[in-house]
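S.K.: Chain by chain, the residues run as shown.
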Amino acid sequence: MEQAKTFFSRYFFPFMVLSLFLFLYIPIVVLIVFSFNDNPYTYQWSGFTLQWYHELFASVEIWDALKNSLIVAASSVFLSTIMGVLLVFYSAHTFFNKAFVLFYGNLVMPEIVLAVGMLSAFSFFAIPLGLTTLIAGHTLLGLGYVVPMVRARFIDLDVRYAEASLDLGATQGQTLRKIILPLLSPALFAAALLVFIVSLDDFVISFFCAGASTQTLPMYIFSMIRSGASPVVSALSTVLLVASSLLVLIFSSLQIKKTDVL
Amino acid sequence: MKKNGIKAALTKETPFFMIAPALIWQVLFFCVPFAIIVYLSFVKSSVGLVNPQVSLFYYLSLFDFSYMKIIARSLIFAIANTFFCLMFAYPVAYFLARKIKRFKNVFLFFLILPFWINMLVQIYAWFFILERNGLINTFLLKIGIINSPLHLANNMGTVLFVMIYCYMPFMIMPLYTALEKINERLIESSYDLGANGWQTFKNITLPLSLPGIKTGCFLVFVPSFGEFVIPALMGGSKNMFVGSLITHYFLVAQDANQGAAFTCFSGAILLSVIVLGNWYFSKKINVVRG
Numbered sequence: 049m050e051q052a053k054t055f056f057s058r059y060f061f062p063f064m065v066l067s068l069f070l071f072l073y074i075p076i077v078v079l080i081v082f083s084f085n086d087n088p089y090t091y092q093w094s095g096f097t098l099q100w101y102h103e104l105f106a107s108v109e110i111w112d113a114l115k116n117s118l119i120v121a122a123s124s125v126f127l128s129t130i131m132g133v134l135l136v137f138y139s140a141h142t143f144f145n146k147a148f149v150l151f152y153g154n155l156v157m158p159e160i161v162l163a164v165g166m167l168s169a170f171s172f173f174a175i176p177l178g179l180t181t182l183i184a185g186h187t188l189l190g191l192g193y194v195v196p197m198v199r200a201r202f203i204d205l206d207v208r209y210a211e212a213s214l215d216l217g218a219t220q221g222q223t224l225r226k227i228i229l230p231l232l233s234p235a236l237f238a239a240a241l242l243v244f245i246v247s248l249d250d251f252v253i254s255f256f257c258a259g260a261s262t263q264t265l266p267m268y269i270f271s272m273i274r275s276g277a278s279p280v281v282s283a284l285s286t287v288l289l290v291a292s293s294l295l296v297l298i299f300s301s302l303q304i305k306k307t308d309v310l
Numbered sequence: 008m009k010k011n012g013i014k015a016a017l018t019k020e021t022p023f024f025m026i027a028p029a030l031i032w033q034v035l036f037f038c039v040p041f042a043i044i045v046y047l048s049f050v051k052s053s054v055g056l057v058n059p060q061v062s063l064f065y066y067l068s069l070f071d072f073s074y075m076k077i078i079a080r081s082l083i084f085a086i087a088n089t090f091f092c093l094m095f096a097y098p099v100a101y102f103l104a105r106k107i108k109r110f111k112n113v114f115l116f117f118l119i120l121p122f123w124i125n126m127l128v129q130i131y132a133w134f135f136i137l138e139r140n141g142l143i144n145t146f147l148l149k150i151g152i153i154n155s156p157l158h159l160a161n162n163m164g165t166v167l168f169v170m171i172y173c174y175m176p177f178m179i180m181p182l183y184t185a186l187e188k189i190n191e192r193l194i195e196s197s198y199d200l201g202a203n204g205w206q207t208f209k210n211i212t213l214p215l216s217l218p219g220i221k222t223g224c225f226l227v228f229v230p231s232f233g234e235f236v237i238p239a240l241m242g243g244s245k246n247m248f249v250g251s252l253i254t255h256y257f258l259v260a261q262d263a264n265q266g267a268a269f270t271c272f273s274g275a276i277l278l279s280v281i282v283l284g285n286w287y288f289s290k291k292i293n294v295v296r297g
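First to last, the sequence lines map onto chains D and W. To convert a position in the first sequence, counted from 1, into the numbering used here, add 48. To convert a position in the second sequence, counted from 1, into the numbering used here, add 7.
Worth flagging that the hints you see were computed from the coordinates, not collected in a lab. Keep in mind that this is a model prediction, so the values were computed, not measured. Virtual Cβ for every residue (Gly too), placed ideally from N, Cα, C. The reader is advised that the hints may include incorrect statements.
Distance windows between CB atoms, simulated [as the list claims (entries may be wrong)]:
1) D:P230 to W:I83: 47 to 55 Å
2) W:I83 to D:S271: 24 to 32 Å
3) W:I31 to D:Q92: 53 to 61 Å
4) W:V295 to D:Q92: 51 to 59 Å
5) D:Y152 to W:I83: 22 to 30 Å
6) D:G259 to W:L67: 29 to 37 Å
7) D:H141 to W:I31: 20 to 28 Å
8) W:A260 to D:P230: 50 to 58 Å
Straight-line alpha carbon distances no greater than 27 Å define the calculated DSS-like cross-link-like pairs of lysine-lysine that follow [unchecked claim]:
9) W:K291 to W:K106
10) W:K221 to D:K146
11) W:K221 to W:K290
12) W:K290 to D:K146
13) W:K188 to W:K221
14) W:K221 to W:K245
Stretch-level coverage of chain D by chain W, calculated; a stretch enters the list once three of its residues show a Cβ under 8 Å from a Cβ in chain W [said to hold, decoys possible]:
15) 67-76
16) 133-143
17) 167-173
18) 181-194
19) 281-290
Input sequences plus hints: build the corresponding full structure.
M.R.: Here it is in structure tokens:
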């Protein structure tokens with residue numbers, strides 16, 4: 049046993065860990081390095097430049113896409129957290145207390161099926177595609193995260209807090225605002241952040257529900273890669289990478305994982 | 008009004024109006040679209056509700072070798088992707104969860120980070136390495152192993168490779184969580200009772216990590232079956248996948264009925280694979296729980 053253990057823990061595991069980290073990070077490092085490359089046409093290094101970052105911050109199209117992405121993300125966070133909390137709180141102890149099961153479908157279904165479904169529904173009822181339909185789709189996705197996360201925290205709460213509050217004469221609304229919401233706030237904050245990121249990152253639903261005139265940041269990146277990428281995309285990717293790392297720092301300090309929902 | 012306990016207070020009418028928005032949203036943007044997809048797949052004439060004819064036409068036209076090939080291809084890629092992610096992620100998750108003591112948080116941070124990077128950025132990063140003038144070709148040409156650039160990008164192998172890259176974090180995190188939860192004493196007692204490292208792994212660690220394996224496989228398999236971004240960017244357009252064909256029907260060919268039938272059909276296949284997998288894992292997990 050000792051022998052096997054030393055072989056595995058000495059060579060096999062470190063080798064696997066090292067190769068996984070190399071696998072995960074070589075492309076990312078290369079991407080960052082080449083976003084400073086002076087040569088726009090090939091992948092040959094020919095000198096350091098900040099030109100692509102200047103172009104990135106000067107591009108109207110990118111700022112527009114970012115604006116759209118932020119509007120959609122903020123609205124879907126707002127809508128899905130409010131509706132999710134109301135659903136979780138008010139459906140408990142009623143006929144609808146199993147209603148949360150409905151929302152599991154949003155994450156279990158492949159996103160493309162959700163997206164195609166919504167596209168067909170919008171065109172069936174002749175609803176023009178745009179920011180509104182995007183918000184509708186992203187809020188649906190958001191509910192899929194908010195409802196299970198908030199509910200998991202809610203059922204862990206001691207039911208006596210709410211009972212005491214109601215016994216002492218508070219209305220349900222007051223109980224929700226003064227007792228339940230403060231107790232739920234860690235889960236609520238986590239869910240809101242998660243929905244924000246998921247919405248910012250989402251490509252599939254946006255691709256189907258945005259229509260021709262509206263563009264989000266991931267859609268912009270997609271079309272740029274397709275039409276032969278310019279180094280501005282590398283600069284944009286690097287900026288997004290830095291933003292993601294900052295968010296991960298916040299998240300790991302909050303102990304949140306994307307897979308917690310399931 | 009007299010208050011007698013939480014039950015009575017909660018069975019008033021307000022709850023209904025408070026939960027209504029979420030339910031209505033869910034019905035409008037989940038249930039109704041789903042119903043419309045099913046409706047479109049069974050109805051000939053796409054002129055809305057005017058003169059609809061129920062028919063199996065679109066389903067029958069799916070029984071063609073070329074459709075079956077596309078579904079089989081997606082299925083094989085999703086299974087291969089899940090398999091390779093599991094094989095690669097398990098040892099690493101095991102090592103980080105059970106063996107490492109120092110710098111654990113640093114390792115974890117760098118494992119979680121790719122999770123939060125936009126998938127398009129991840130795909131884009133591979134272009135630098137795999138392209139005709141990319142790093143691998145440049146390197147191999149320079150040291151003289153090859154004389155002309157290899158076609159590394161735009162083939163099926165690359166699609167699978169990049170899929171494994173993009174979905175790896177979805178496998179690692181649930182495995183890590185499951186492996187970390189295992190009580191150290193169970194493993195120690197296995198050794199104390201004379202089992203060797205491999206026996207302990209096979210009989211204790213592996214069965215107890217099954218829930219994590221299940222979640223990980225599920226998180227990788229389902230989205231990779233419907234994946235269309237990676238094939239669209241990495242696979243040229245020679246070989247269709249389920250996701251790319253659905254996209255083609257709805258956005259390019261504007262044939263919503265045929266697209267709906269194909270979506271329903273491949274959805275049914277996905278569902279049956281999930282049910283099978285779920286049944287298999289539940290059986291195994293139940294054996295563990297006794």
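S.K.: Identify every previously stated hint that the structure contradicts and give their numbers, smallest first.
M.R.: 14
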